[in-house]
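S.K.: Each chain is listed here by its residues.
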Amino acid sequence: MPPGTTFVYLPDGRGLYAPEDVIFYGEGERVAAKQFSHAVGQIGLWYAAPALFQGFTTAAATLVSATWTSLPLQTEMIDGYDMHSTSTSTSNVFPPSTGNTINYASEDFYLVIGYVPLNTGGTGGQKLNIAGVFNNFDGVIYEGMKIPTVTGHAMDPMVVDILITQPDGSTNVYYQLTGWQDTGVNVNTVVSGKSASLTVRWMSGSRVYNTIPHIPISPHTLIPEDQLTADATGASPVSPGVKVPVNDHIFNSTEWYNATPFARVTSGGSSQTIASSTSFTAVQMTFGNFDPWNMWTSGANTKLTVGFDGLYLVIGQVGTAEATGATGSRAVRLQVNSDAAKIYGGNTSVPATTDTTGHALAAVYLIQMSAGDFVEVQYMQNGGASRAVRTGTGDCCKLLAQWICA
Amino acid sequence: MVNTPPPGIPVFFPGLDTVTQWNTGLGTQAGNSGGVRDTLTFMRDRPKFRARRTTAQTIAAGHQFITWNTIDIDNYGGGAVSSSVYTVQAQGWYLCTGRVSLLASAAGAANLILIPAIAVNGVSPSGIGSNGWEGPEVPPPTAANIPKAANGIWQIYALVGDQIQLDLFYSTESAITSTDTVAGWTPEISLVWAGK
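Read top to bottom, the protein sequences are chains A and B.
Under the working numbering, read the first sequence as residues 1 to 406, first letter to last.
Under the working numbering, read the second sequence as residues 1 to 196, first letter to last.
Among the hints, erroneous ones may be present.
Chain B side only, calculated, beta carbon under 8 Å to chain A, not exhaustive [stated by the list, open to error]: (1) V36; (2) R37; (3) Y76; (4) T97; (5) S130; (6) G152; (7) T181; (8) G184.
Simulated coverage check for chain B against chain A, where a stretch passes if three residues somewhere in it have a Cβ under 8 Å from a Cβ of chain A [said to hold, decoys possible]: (9) 54-66; (10) 79-90; (11) 109-115; (12) 162-171.
Note that these hints are calculated values from the structure, not bench results.
C-beta atoms are modelled at their ideal positions from N, C-alpha and C, and glycine is treated no differently.
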């Protein structure tokens, strides 16, 4: 699905069927080639080429001071699943739903990555720029980084998150890249050398079964003497073959890739404050926004503990209140197992000096972890007074972990 | 070195050889028909790469690519020590995360900005920007002994043989001439194959 792809098909010419169900065979059940082909084709196509959109602004958009503005995306790098139009409502990106009335996958989660480069405003050096993504499913603008303008330069905050779509196959959910600034004058987005962009990529469906999940095994290499079974193992009736359980070798993978381990927890309801210090403080996550794999507990609320080996996409963001006249430095990072040798990602910044809207920084990194490892998002500020973490639905602190591969 | 294209889409035809269709696919449509085994193996063990620059790299205001001196993960053999390049071994979309940093022990400067960018074959894979697709543009702290880093994420498309690099840009307000050497804040990249 290289750039420019407008639609994708299965090898036999059928259009893509988003994963609908996890097929488990019973012993002695006939394996129909078409059904088998469809099932494994889903694995090969949907999971290896998930829904993906990437778009950019090509004409400067104007952001009115202190007003959230949805940004048009006039050009596409990729839109293989017809998520977006370049002629009408160009701000809207419609993520496909894999859910329907006959299966158990009722929700989908999409990675969103946005950048909103803004020219220096009228009071550069003092005020704030924010990148966000609006999700019309819940009506929330999920805020990303909130960083100050500086004199003589553009500023380009990032928003990165994993957001839910509407369940049950509905098609009217859309995301919008949004920007905000409060310099007191109108500010245009940058379109030379950089431009506003939004990437939307399917990451996972909701977990469909309550059984103990199976991380995919390396599939068996079949020989003519092997016997395909549903679950039975052991010697094949024909030597030197073995019984190959297709449920283990294939359909556990379908289940796994349909709902890979994922958690999104936030600081909603938190009363934590971050003391002024040059040391980092782990941020408490008080609300298990989505945690079907039980990575988070209220008793260890700074941590997401992973249950499976693998490479994880980890996203952390910390937003705090700020007082006018703010000084010092701000920094965020990810750390695994409180190990000084396992610090990842991280953005740093000066604060806005005449703004009380707050401050937010994000850290994002692909981290290899083992079952039992835990990851935290940590924050440092040395502005001379404690700062309360943000707790709103859109501007709260957050920590996410998403399994990517072994 | 492994040089394996991502497998095609598994397809089963009745009456044809099950073993081949299971293992490698019939290949009747080149690049479009993959075996169950090969497809699932590739999905599970995708190309991934992580590298760091743990010693000081001399830098100047403007653009420069980070040269890696430590490779932590490279299951397809696309990277090399003393090189800034990860050479793509399997075409497709890659999810890339990267961090650039300036020497923390040195003082920064007012209005200084720092930007990481991801480059494919030395230019921006989005077609927008010069030395790379820019990530967040941040104003790093001005005080000495405070981390000065910027961290971004991108999804990019690359062909076999394409070269992925991480670019560091900083503006002229600062006299800093080195990347950071403090463990946990050195420049680094981590990427993974993310789709056909």
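S.K.: Now tell me if each hint is right for this structure.
M.R.: Hint check results:
no., hint, in the structure
1, V36, "5 Å, holds"
2, R37, "4 Å, holds"
3, Y76, "12 Å, violated"
4, T97, "5 Å, holds"
5, S130, "7 Å, holds"
6, G152, "6 Å, holds"
7, T181, "14 Å, violated"
8, G184, "3 Å, holds"
9, 54-66, "violated (count 0)"
10, 79-90, "violated (count 0)"
11, 109-115, "holds (count 5)"
12, 162-171, "violated (count 1)"
Hint violations for this structure: numbers 3, 7, 9, 10, 12, all remaining hints satisfied.
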